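**Student:** Residues per chain, in single letters:
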Amino acid sequence: MSETVRKRGRLGYLLLFPALAWLGLFFVVPLYSLVATSLFDPAGSDFRGYTMSWAWGNYSDALHEYWQPLLRSIVYGGIATALCLVLGYVLAYAIAFKAGRWKNVMLVLVIAPFFTSFLIRTLSWKLILADDGVIVNSLQFLHVLGSDGRLLATPVAVIAGLTYNFLPFMVLPLYASLDKIDHRLIEASGDLYAHPAIGFFKVTWPLSLPGVVSGTLLTFIPAAGDFINVQLLGSPNQRMVGSVIQSLFTDANNYPAAASLSMILMVLIVAMVVVYVRRAGTEDLL
Amino acid sequence: MTGRWLRERLVLVLGILVLLYTFVPIAVVVLMSFNAPASRNVYRFDAFTLDNWLNPCTDPSMCDAVRRSVEIGLLATVVATILGTLAAFALVRHDFVGRSATNLLIFLPMAAPEIVMGSSLLALFVAAGFSGQLGFWTILIAHIMFCLSFVVVTVRARLAGMDDTLEQAAMDLYATPAQTFWRVTFPLVFPGILGAALLSFSLSFDDFIITNLNAGTTTTFPMYVWGVAQRGVPMQVNVIGTLMFAISIAIVLGSELNNRRRSKALA
Amino acid sequence: MSQVAEAPKSEGGTDPGGDPSYDGLRLRQVTKSFGAFTAVDSLDLDIPRGSFFALLGPSGCGKTTTLRMVAGLETPTSGTITLAGEDITYAKPYRRPVNTVFQSYALFPHLDIFENVAFGLRRRKSKDVTSQVNEMLDLVELGNQARKKPAQLSGGQQQRVALARALINKPEVLLLDEPLGALDLKLRRSMQIELKRIQTEVGLTFVHVTHDQEEAMTMADTVAVMNRGVIEQMGAPSVLYENPRSTFVANFLGQSNLIEGNVTGRAADVVTVDMHGIAVSVPTERTHVDGERGWVGIRPEKVLIGELGESLDAPGNTIPGGVITDVSFYGVSTQYLVRMPWGQELTVFQQNTGRSKLFGQGEQVELSWRPEYAFLLDHSQDASAGAQRGADE
Chain A
1466 MSETVRKRGR LGYLLLFPAL AWLGLFFVVP LYSLVATSLF DPAGSDFRGY
1516 TMSWAWGNYS DALHEYWQPL LRSIVYGGIA TALCLVLGYV LAYAIAFKAG
1566 RWKNVMLVLV IAPFFTSFLI RTLSWKLILA DDGVIVNSLQ FLHVLGSDGR
1616 LLATPVAVIA GLTYNFLPFM VLPLYASLDK IDHRLIEASG DLYAHPAIGF
1666 FKVTWPLSLP GVVSGTLLTF IPAAGDFINV QLLGSPNQRM VGSVIQSLFT
1716 DANNYPAAAS LSMILMVLIV AMVVVYVRRA GTEDLL
Chain B
28 MTGRWLRERL VLVLGILVLL YTFVPIAVVV LMSFNAPASR NVYRFDAFTL
78 DNWLNPCTDP SMCDAVRRSV EIGLLATVVA TILGTLAAFA LVRHDFVGRS
128 ATNLLIFLPM AAPEIVMGSS LLALFVAAGF SGQLGFWTIL IAHIMFCLSF
178 VVVTVRARLA GMDDTLEQAA MDLYATPAQT FWRVTFPLVF PGILGAALLS
228 FSLSFDDFII TNLNAGTTTT FPMYVWGVAQ RGVPMQVNVI GTLMFAISIA
278 IVLGSELNNR RRSKALA
Chain C
1213 MSQVAEAPKS EGGTDPGGDP SYDGLRLRQV TKSFGAFTAV DSLDLDIPRG
1263 SFFALLGPSG CGKTTTLRMV AGLETPTSGT ITLAGEDITY AKPYRRPVNT
1313 VFQSYALFPH LDIFENVAFG LRRRKSKDVT SQVNEMLDLV ELGNQARKKP
1363 AQLSGGQQQR VALARALINK PEVLLLDEPL GALDLKLRRS MQIELKRIQT
1413 EVGLTFVHVT HDQEEAMTMA DTVAVMNRGV IEQMGAPSVL YENPRSTFVA
1463 NFLGQSNLIE GNVTGRAADV VTVDMHGIAV SVPTERTHVD GERGWVGIRP
1513 EKVLIGELGE SLDAPGNTIP GGVITDVSFY GVSTQYLVRM PWGQELTVFQ
1563 QNTGRSKLFG QGEQVELSWR PEYAFLLDHS QDASAGAQRG ADE
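Protein chains in written order, with my numbering: chain A, 1466 to 1751; chain B, 28 to 294; chain C, 1213 to 1605.
Keep in mind the hints are simulated off the structure, nothing from the lab. Every value quoted in this text rests on a predicted model; they were computed, and no experiment measured them. The reader is advised that the hints may include incorrect statements.
[Claimed, not checked] Computed footprint of chain B on chain A; a stretch qualifies when at least three of its residues, placed anywhere within it, have a C-beta under 8 Å from a C-beta of chain B:
(1) 1484–1490
(2) 1499–1508
(3) 1560–1571
(4) 1688–1694
(5) 1712–1722
Just so you know, even glycine gets a beta-carbon here, dropped at the ideal spot from N, CA and C.
Can you make the complete structure from the sequences, with help from the hints?
**Tutor:** Right, here's the structure in full:
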């Protein structure tokens, strides 16, 4: 009898209305106008105004012209997500199972660096990865990099930046699902399987899958749409779709092209998310 | 013997290494805040100075941008926290038609790429003929929009975790509905609301992608950093970065100490 | 299958009916439905002022819903609830002189013990809160814990705070919703005694909801056994135990052997029943059958066990032909399972007085019981209804 009894009546709608109205007006309606804008006559401009011409050609033009940045976004975002998964899993596992009474402190430390501005953190990486910095110098010394080799303005720097910046989005959901696992299950797996690694893949990994799924989504989505890392750590050779959209909007004022590219990115992400969640078999997650 | 010791702690050691890695850029930020650069174009540590801390507003436009970001952050936090808290109460405590659609509407802004949200808002403002008025208010509207969902989710979690027999007990002990709310419900949900507000402020203060698209000529702090990143970064930017880090650490430590003190009294 | 029990007139001496001068708690035709499910079905109940009343039943029987309707946390679908002559059916929970001790205690975690206990007084703008609270904390022996937060107390202490917080308001009726359920067995026993002592001391009406039959019987002066939204039987614990009127009560309150039989004769004060070829008699006032068939009931501790031909001190009903199939030695008593000629296994408890021998498995025995201990229940009822240690699962 102790389940929450939800009250009926007008008050519920009244409480809900302002927030929903805000989201409707400034999230849903904009998506609609994004779709509309993406079909405007590409010949229009801010001064002359736009006319709706059902220009589906905007989409094929955008795909034709910008397929490279689009592909790069997905590849870079994917690699960064995979790296985050490895680093984040180690960290989340350590916090959930090995940190003992330092659990809370470590959790706070995971989030703490990310209270400093995203841009300032990324600028720091620019300094760390600089051509005469410690890392480049040591890599040159080890002959991993040639004597004129560099990290900045390469995909390595961009992916490193993405990995760093979105790591907490991976760690927190992973920690949440690892922390829920009954410790005795892991101990029992130690009895059942000869090697701890087998126990890990038979017991811990499957049980942490919900965290893996939501962590990878939370990391991949912003990473694929990001352009700050490319802009600060990369070069035009690493241009991702985010920077294209942003410059089409703000510099080129080509709204129809920018909107259709934006739509393509969103549809692509939604499609990938759906396929991925289906595959992982955790549909109840969303 | 040592092999076993190491193997048992290997994961912890690796985890701590990952944690250290996340602090490397912060160390650089703090270090650079004490840097006296030889030239504006070379971004590296040259000499120690306190100048950046003593004169943070050498570039007045930076301090203007910080002030604007704080203003927008505070306003967005207040509005988003109020609207989001009301909605969280409705979601947990009230029955209404269209619950799953509502949940979806609240979830989507957290999952959508910022570039898509930013560009769609811009498309709306342009379509509505506001392209000339982009600035403080359009930024504020956008910030409230993306903070809202985070507030709803945070407060809802706190509310859902609250035992509703506490409110029944209050009613049973002669508290009217209003008294029940202010004496029992609100004090118990307050930590969640506070957490949501802090989260909102830091999201708003740090946002660049959405803001940049809808800012017109107005400059927030992240936009200022973006601008100077192309020309040469004044070291005072690192002072702001260090301060942001220090303030958030202080808030977290303060609440942690408060908890510790409370549980100490237990023993 | 279960009939609506009318409130017996024997208890409390009050006469039922719409009498507004009745100073206790009265429920009339109270029904509560959740959608298609009827949690409480046309319930009639009289709880005299100052009594310790237990509402006993398995989970989902409607006892907690009944309690919540009295507290005002649930509104009846139909029917009326009156308290001291006043209709409180639709009164808001904060407007009725009723307080509740919740199963989870529901102590306010952000307030200290003192403020928890003072909560009700402060809402009613009562005078000298401090002295009243201190007095109450002394009564529950928590005077030195006043400034602690609930989380810092043990389960038993929290339970006493919850009790103090309700009692301090001197309610007309104190409702206890499985208040001891979260405590371990030892603490539960001592709290039962404590609760009983406090009830005697303050003289308030206590309505205690529980699924623990032992708790209900040891504490309450009236027990109502509830099942599927209706009261099966109500009365003093000893009456319920000795003369159950339904198989549910016979099984839920203690254990019973129920043996199929046909009524063969009815005399003025005795009914004769043919039980698988053996004639046994049951006093008329202990028969609760409509037709000719019934269940002969006998409590395991009322059954005597002896060797073949041994003359047992139980004139009347002797049942030969038993074989012991299981022996469990408990120390104070021994429990035997005895297979009867018709295949049924009967349970027998034998006190360890040292005067009777201990039987072994496979031994032939004879059972007997005094007719005045037997009861006869209607055959239409399920013989395993309410059995807690039944073989259903």
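**Student:** Evaluate each hint against the coordinates.
**Tutor:** Hints and how they fare:
1. Counting residues of the segment 1484–1490 of chain A whose C-beta sits closer than 8 Å to any C-beta of chain B gives 5, which meets the bar of three, so the coverage hint holds.
2. Only residues whose C-beta sits within less than 8 Å of a C-beta in chain B count toward coverage, and the segment 1499–1508 of chain A has 3 of them, enough to reach three; the restraint holds.
3. With 7 residues bearing a CB less than 8 Å from a CB of chain B, the segment 1560–1571 of chain A meets the requirement of three and the coverage assertion stands.
4. Coverage of a stretch by a chain is defined here by at least three residues with a beta carbon nearer than 8 Å to that chain's beta carbons; for the segment 1688–1694 of chain A and chain B the count is 5, and the condition holds.
5. Judged by the Cβ-Cβ criterion of 8 Å, the segment 1712–1722 of chain A is covered by chain B as claimed, because 3 of its residues qualify and three suffice.
The earlier numbered hints are all upheld by this structure, with none contradicted.
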